[in-house]
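S.K.: Taking the hints into account, I'd like the entire structure generated from these sequences.
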Amino acid sequence: MDSLSFEAAFRAFVRTITAESRLRLAPTPSGYLHAGNALNFILNWSAARYQPGAKLLLRIDDLDADRKRPEYVQDIFDTLLWLGIDWDEGPRNTADFEKNWSQTHRTASYFDALEKLKASDLLFACAKSRRDLEPFGGRYPAAFRNQNLSLDQPGVAWRIRTPDGFPVPDFIVRRRDGIPAYQLASLVDDVHFGVSHVIRGEDLADSTLAQRFLARQLGWREFEQIQFLHHPLLRDSGGEKLSKSAGASSLRGWRETNRMPAELFSTVAQMLNQGISHSFPAINDLLQAFKKSV
Numbered sequence: 011m012d013s014l015s016f017e018a019a020f021r022a023f024v025r026t027i028t029a030e031s032r033l034r035l036a037p038t039p040s041g042y043l044h045a046g047n048a049l050n051f052i053l054n055w056s057a058a059r060y061q062p063g064a065k066l067l068l069r070i071d072d073l074d075a076d077r078k079r080p081e082y083v084q085d086i087f088d089t090l091l092w093l094g095i096d097w098d099e100g101p102r103n104t105a106d107f108e109k110n111w112s113q114t115h116r117t118a119s120y121f122d123a124l125e126k127l128k129a130s131d132l133l134f135a136c137a138k139s140r141r142d143l144e145p146f147g148g149r150y151p152a153a154f155r156n157q158n159l160s161l162d163q164p165g166v167a168w169r170i171r172t173p174d175g176f177p178v179p180d181f182i183v184r185r186r187d188g189i190p191a192y193q194l195a196s197l198v199d200d201v202h203f204g205v206s207h208v209i210r211g212e213d214l215a216d217s218t219l220a221q222r223f224l225a226r227q228l229g230w231r232e233f234e235q236i237q238f239l240h241h242p243l244l245r246d247s248g249g250e251k252l253s254k255s256a257g258a259s260s261l262r263g264w265r266e267t268n269r270m271p272a273e274l275f276s277t278v279a280q281m282l283n284q285g286i287s288h289s290f291p292a293i294n295d296l297l298q299a300f301k302k303s304v
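Number 31 in the numbering used here belongs to position 21 of the sequence shown; there are no gaps in the numbering.
Calculated directly from the structure, the hints in this document are not laboratory data.
Be careful, since some hints might not be right.
Cβ-Cβ distance ranges computed for the label pairs, FRET-style [unchecked claim]:
#, residue 1, residue 2, range
1, Thr28, Pro145, 26 to 34 Å
2, Met270, Arg77, 28 to 36 Å
3, Arg102, His202, 18 to 26 Å
4, Ala22, Thr277, 19 to 27 Å
5, Ala75, Thr267, 25 to 33 Å
6, Lys126, Thr28, 24 to 32 Å
7, Leu143, Glu234, 45 to 53 Å
8, Asp174, Gln235, 43 to 51 Å
Source: prediction; values computed, not measured.
Every residue gets a Cβ at the ideal spot worked out from N, C-alpha and C, and that includes glycine.
M.R.: Next up, the structure:
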């Protein structure tokens with residue numbers, strides 16, 4: 011999506027926001043946040059603050075305990091403070107997060123959804139590893155559905171059968187270690203918190219399709235009513251999307267070298283075609299300029 015297309019899509023998106031709407035920030039504490047994460051935060055914040063009464067939730071997705079680190083959780087709060095972004099619901103600090111808001115407090119809801127899917131006979135057990143799937147370019151071959159394994163066998167992933175040609179074929183809903191997968195947990199949380207609008211990167215467009223597919227199987231019409239908008243990604247000098255796992259320059263590094271967030275705000279302003287100066291001082295300038303032009 012080019013900048014002009016996104017500008018029009020963003021304007022149409024915010025016009026659907028009402029005083030009862032709820033948006034969310036949903037970072038994962040699997041590394042230090044980068045500029046692409048900040049862009050997403052600014053877009054969601056701007057959309058939420060466009061309509062008085064709309065709420066913004068901070069939800070930190072920490073089910074992946076192997077990659078979670080306390081310093082990564084703290085980095086989320088440090089980044090939001092540095093950006094000047096506030097939120098209406100969610101943890102106020104790391105202690106509050108661990109005590110009251112971690113996804114570990116909602117695991118019963120994830121497993122309830124898994125059991126409902128299991129009863130629908132849509133799931134199958136898979137013992138294939140990432141190495142087994144490498145020759146298929148990340149596409150899950152239909153022949154692997156017939157492994158004749160029990161869902162109750164230890165060490166198997168649970169996959170859901172999808173229609174032929176589905177963009178995310180037979181995706182995982184429960185990992186081999188027994189942990190609910192991202193697609194399912196994110197869906198359950200959005201329904202749990204009553205999220206009505208989501209802005210996420212265009213790299214997650216397939217995740218949106220997967221989650222909507224899951225919602226239909228679970229009969230959760232409220233999720234199908236969520237308004238989604240997918241924004242263009244920030245890319246490095248080689249044209250690759252910014253990634254924590256690939257070592258993208260962190261916002262922590264920006265703060266340590268006194269690099270200011272103004273250029274991030276300017277990037278968003280340019281995406282929204284506002285033509286705001288690269289040196290404007292506060293996020294409110296972005297919001298006010300956008301309100302005047304809608």
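S.K.: Going back to the hint list, which numbers does this structure go against?
M.R.: When the structure is compared with the hints, numbers 1, 7 and 8 turn out to be violated.
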